[in-house]
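*Asks:* Protein chains in written order, with our numbering: chain W, 894 to 1145; chain Z, 8 to 440.
The set of hints was computed from the structure by calculation and includes no laboratory data.
One or more hints might be untrue.
Computed beta-carbon distance windows for the label pairs [claimed, not checked]: (1) Z/C55 - W/I1141: 56 to 62 Å; (2) W/P932 - Z/T316: 51 to 57 Å; (3) W/H1053 - Z/G282: 32 to 38 Å; (4) W/H1053 - Z/D281: 56 to 62 Å; (5) W/I1141 - Z/K152: 52 to 58 Å.
Listed below are several chain Z residues computed to face chain W (Cβ distance under 10 Å; list not exhaustive) [to be verified]: (6) D182; (7) L195; (8) T209; (9) D378.
Keep in mind it's a predicted model, so treat the numbers as computed, not measured.
Note that CB positions come from ideal geometry on N, CA and C, so glycine has one too.
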Amino acid sequence: MLEKEGHSKISKSTHLPRKRFYRARAHSNPLSDSHFPVPISPSHVDYSVHFPQLFSSSDEGGDSKKIEFADVGCGFGGLLISLSTLFPETLMIGMEIRDKVTEYVKERILALRVANPGQYQNVSVVRTNSMKYIPNYFGKGQLSKMFFLFPDPHFKEKNHRRRVISTHLLDEYAYVLGIGGIIYTITDVEELGDWMKDCLEGHPMFEAITEAELEGDPVVKLLSSATEEGQKVARNGGQTFQAVYRRIAPSL
Amino acid sequence: MEEPAIEEGDNHRDVEVAPALISVHPDHKFIVVSIGSDLRVFDLQGGCSVTLVDDSSGPLHKDSIRAIRFGAEGKLFVSAGDDKLVKIWNANSWHCISTVCSEKRVSAVAISKDGLFVCFADKFGVVWALNLDGFDENQVLVDKKAAPVLAHYCSIITSLEFSLDGRFIISADRDFKIRVSVFPKKPLDGAHEIQSFCLGHTEFVSCLAFVCAPDYPEGFLVSGSGDSTVRLWDITSGSLLDTCEVGSQAGFLESNGRGEEHYSAVIDLCTTPDGTLVAAAIQSLQGIMLLNCNISAKSLSIAKVVSITGGSFIPTSLGTASCAEFLWMVTGVSTLHGLDSHSLARVRVISGFRISSPDSVEHEPTMLEDDEIPGGEKLLEKLQGSVSIENKVFSAAAEAVKMAMCNLLIKKQYSADKREFRKRTRNDKKIKQ
Ligand SMILES: C[S@@+](CC[C@H](N)C(=O)[O-])C[C@H]1O[C@@H](n2cnc3c(N)ncnc32)[C@H](O)[C@@H]1O
């Protein structure tokens, strides 16, 4: 039986999932153990589930194309949607810990694929705790871009270790990023902005990207405009603080 | 509003009991057993027990010891555990030369191959390094401060090892992860460069050990897990070379028709220093399983099971020296409810722990009787707490050990109800009432 428009989670007019059916708690605690499947290793990530038009279920990882961009804590997925058409040849994935939000992004991608045949085949989302399971998804040097847009601030000092950017977690991000890969961070919380910059600045495997380079990078413009959180901040006329760094080889 | 967290090992005690541990001096000079907060040392060469001397003005251990280890050259010994103290001992005079306070309870320790750094892991998954530069065997080190070098995100680290060439530090956790990090020239600045992750275990990783391989100076890594497997890894690439299912074998041996659940978690591993033999202690196996590592074929296979008759003996820890062909085993737990003899441990030894050549029968691994053990009665009296252990007490202990190991090793899966209950009864929430 078909559901009536009023109850359907998909809007009839836009064919996109309605956000109000996917409302969730504002914050998640990344330390609590949730129950969702985790791939044993990057070679166990089933690309045919994420990119069905590009991979058949018989494809066995191997030398085939790999995911290159990761949007960590992707929220409602605005950035991924923009990146998908900007880099149509690149596989990308969003990582999100909230179940409902992940479902929303999934539906959003499916709807876009239906509405725009041939497009949005390179983008997907997964529900996971990025702070624990990034190495289960990506191998050494696999990624060329990682995004951390408007992450949860966790103000209290005792909760700083819940922040998605920290010296220790940067070790893991440096591992999954190839040399030359770029990490993009942005926030509207000045204190967190300083924190992320300090962590990156102090890390031996990252170096700041020059202003001139930032100018020429089309992705930088998306940081403050493409995501739901970014748009909210912009509407309220809030200031943003970004830190964009390149993965370098550690000096011995 | 802040959400309550279930943070492993944070506000509550996940684990009430601690297994007994054993450590053997690389030159077979001393045998150390820890049980609860008790550290027992026996001098094999002198044939006498050793009295520990603590000059560092810090207290001796006040709570369960969770990790003990000799340095590669046998000059140093480290003990650490639930009392958050890391004690560094001169492994000759048995004076404590330094006591370092950790912020959290300590779950694993390792000493760098050059003997310059002691590393320890805490219950929050952070590995710390302590510089021993200027270490003088007879001098007390003061004001030593550890620096954090790497972290597993909020997962208890169960084992820390250095690769055979000392270039890498390997950390295993209670999730299923094994991380191989380059141990840098200046460790106090952090071990930021990850060489590989060894991923394949589907349950907690309980133990790590190294196997020598001629063309691989770093050695091959073997790991044991709650998934009832021992796995062989190439640490430079992180690739899984072989998986040996030990659970089915151990379960089969134990099968007694009672249909009870088998806990075949691998508890500890020990390798022959110059060879390729791996001894495994397994949850449901009374005895030891010996595995053969074939370096050229890069494979692991079950070679033999040495079973222990007379009293149920499931080892909680294994140790060996670099020279002697003895495999030392201990079983015991810190507290046994309902038993007075709370610091009971049982020590057993297997001789002929080396690759057996086909034509020498006398070198087959054999379980020694108590009167055949190096150190004899004196050693047993010191390390066990008593020469002979009454059978009744002993089998009760074995049961308790079994239970304790289950609780210790099997990660708690909280039901939704329990989760709610734990949230409501958390210490920090209770205070408000
Ligand atoms: C403030 S939102 C920003 C979302 C999005 N990047 C944007 O700019 O609109 C932060 C997101 O990170 C997610 N998150 C927090 N911790 C996470 C973790 N450990 N793993 C994955 N996602 C996480 C939250 O659920 C939330 O959706």
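*Asks:* Against each hint, give a clear statement of whether it holds in the structure.
*Replies:* Results for each hint:
1. Z/C55 - W/I1141: 56 to 62 Å: Holds: the Cβ-Cβ distance is about 57 Å, inside 56 to 62 Å.
2. W/P932 - Z/T316: 51 to 57 Å: Once the Cβ atoms are compared, 44 Å apart, the range 51 to 57 Å for Z/T316 and W/P932 is violated.
3. W/H1053 - Z/G282: 32 to 38 Å: Once the Cβ atoms are compared, 47 Å apart, the range 32 to 38 Å for Z/G282 and W/H1053 is violated.
4. W/H1053 - Z/D281: 56 to 62 Å: Violated - the Cβ-Cβ distance for W/H1053 and Z/D281, about 47 Å, lies outside 56 to 62 Å.
5. W/I1141 - Z/K152: 52 to 58 Å: Violated - the Cβ-Cβ distance for W/I1141 and Z/K152, about 29 Å, lies outside 52 to 58 Å.
6. D182: holds, 7 Å
7. L195: With a closest approach of 13 Å, the Z/L195 hint is violated.
8. T209: holds, 6 Å
9. D378: violated, 48 Å
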